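Generate coordinates for the entire structure from the input sequences, incorporating the hints supplied.
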Amino acid sequence: GAGVSQSPSNKVTEKGKDVELRCDPISGHTALYWYRQSLGQGLEFLIYFQGNSAPDKSGLPSDRFSAERTGGSVSTLTIQRTQQEDSAVYLCASSLVGQGGNQPQHFGDGTRLSIL
Amino acid sequence: GDSVTQMEGPVTLSEEAFLTINCTYTATGYPSLFWYVQYPGEGLQLLLKATKADDKGSNKGFEATYRKETTSFHLEKGSVQVSDSAVYFCALSDFSGGYNKLIFGAGTRLAVHP
Numbered sequence: 001g002a003g004v005s006q007s008p009s010n011k012v013t014e015k016g017k018d019v020e021l022r023c024d025p026i027s028g029h030t031a032l033y034w035y036r037q038s039l040g041q042g043l044e045f046l047i048y049f050q051g052n053s054a055p056d057k058s059g060l061p062s063d064r065f066s067a068e069r070t071g072g073s074v075s076t077l078t079i080q081r082t083q084q085e086d087s088a089v090y091l092c093a094s095s096l097v098g099q100g101g102n103q104p105q106h107f108g109d110g111t112r113l114s115i116l
Numbered sequence: 001g002d003s004v005t006q007m008e009g010p011v012t013l014s015e016e017a018f019l020t021i022n023c024t025y026t027a028t029g030y031p032s033l034f035w036y037v038q039y040p041g042e043g044l045q046l047l048l049k050a051t052k053a054d055d056k057g058s059n060k061g062f063e064a065t066y067r068k069e070t071t072s073f074h075l076e077k078g079s080v081q082v083s084d085s086a087v088y089f090c091a092l093s094d095f096s097g098g099y100n101k102l103i104f105g106a107g108t109r110l111a112v113h114p
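So the sequences go chain by chain: H and X.
Per the working numbering, residue 1 is the first one in the first sequence, and the count goes up by one each step.
Per the working numbering, residue 1 is the first one in the second sequence, and the count goes up by one each step.
Any given hint could turn out to be false.
Stated by the list, open to error - The calculated EDC-like cross-link candidates involving lysine to aspartate or glutamate, where the alpha carbons are at most 20 Å apart (straight line), are:
#, chain 1, residue 1, chain 2, residue 2
1, X, LYS68, X, ASP2
2, H, LYS57, X, ASP2
3, H, LYS17, H, ASP56
4, H, LYS57, X, ASP94
5, X, LYS52, X, ASP2
6, H, LYS11, X, GLU42
Said to hold, decoys possible - Where chain X lies over chain H, by a calculated footprint (3+ residues, C-beta under 8 Å):
#, stretch
7, 28-42
8, 48-56
9, 64-74
10, 104-115
It is worth saying that the hints were derived from the structure and are not from the lab.
Remember, it's a predicted structure, so these values are computed and weren't measured experimentally.
Built from N, CA and C at the ideal position, the CB exists for glycine as well.
Below, the structure is given as structure tokens:
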């Protein structure tokens, strides 16, 4: 079946521009996560959605970063006034919600963001 | 806070060699443990998991045992292939907040040569 889909796969933009990254989770997955993979920091959690709500935004690195989810499905991660340190691969994952951490997360292929 | 430490790479092996990638964790609760793999040019894929102490996760010839007494989840494979060349990430998921935020190790790059 269809997996997690992210777009664009690559994005190159100039410093100071805004960017939007999109994630289409697996149908029926109510939990959605964004992570960032960068050379210096490894894989870091950014934000968690349960349905359309984001009870954990603790990983967003600054107020330039925001995310929303609509219809319990598609999510958009927005970075305003991009900086060079925002260059990274942004990964989205989705999962069913289960007890005790038994539900594995399924990852998209990521969006590689490069800030010039 | 919770954390995962895994051995630094790169690990370079010849085909059919035995593989061990060490992973230890720190957690206040009883996390689930995972190994994810990232093949060149691809996204993260779940390789195996274990949800409680003494569980053994296995897949594609890889296995790892959840050792609570040593807080470890070492990845092993008896005979690696060139196609196993990838980056391997150990991760834990602490369900204390009612959701599965993954905390990853730094990743270990494995290169297998013919």
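Evaluation of the provided hints:
1. Distance hint between LYS68 of chain X and ASP2 of chain X is fulfilled; the C-alpha atoms sit about 15 Å from each other, no more than 20 Å.
2. A hinted pair counts as satisfied when its Cα atoms are at most 20 Å apart, and LYS57 of chain H with ASP2 of chain X qualifies at roughly 17 Å.
3. Between LYS17 of chain H and ASP56 of chain H the alpha-carbon distance is near 26 Å, which puts this suggested pair outside the 20 Å criterion.
4. Taking the CA atoms of LYS57 of chain H and ASP94 of chain X, the gap is near 16 Å; set against the 20 Å cutoff, the hint holds.
5. Between LYS52 of chain X and ASP2 of chain X the alpha-carbon distance is near 16 Å, which keeps this suggested pair within the 20 Å criterion.
6. Restraint check: the Cα-Cα separation between LYS11 of chain H and GLU42 of chain X comes to about 17 Å, which is no more than 20 Å; the hinted pair holds.
7. Counting residues of the stretch 28-42 of chain H whose C-beta lies closer than 8 Å to any C-beta of chain X gives 4; at least three are required, and the coverage claim holds.
8. Residues of the stretch 48-56 of chain H lying with their CB closer than 8 Å to a CB of chain X number 4, which satisfies the three-residue condition for coverage.
9. A stretch counts as covered by a chain when three or more of its residues have a beta carbon under 8 Å from one of that chain; for the stretch 64-74 of chain H and chain X the count is 0, and the coverage is violated.
10. Coverage of the stretch 104-115 of chain H by chain X holds [criterion: at least 3 residues with CB-CB distance below 8 Å; count 7].
Hints 3, 9 from the earlier list are contradicted by this structure; the remaining hints agree with it.
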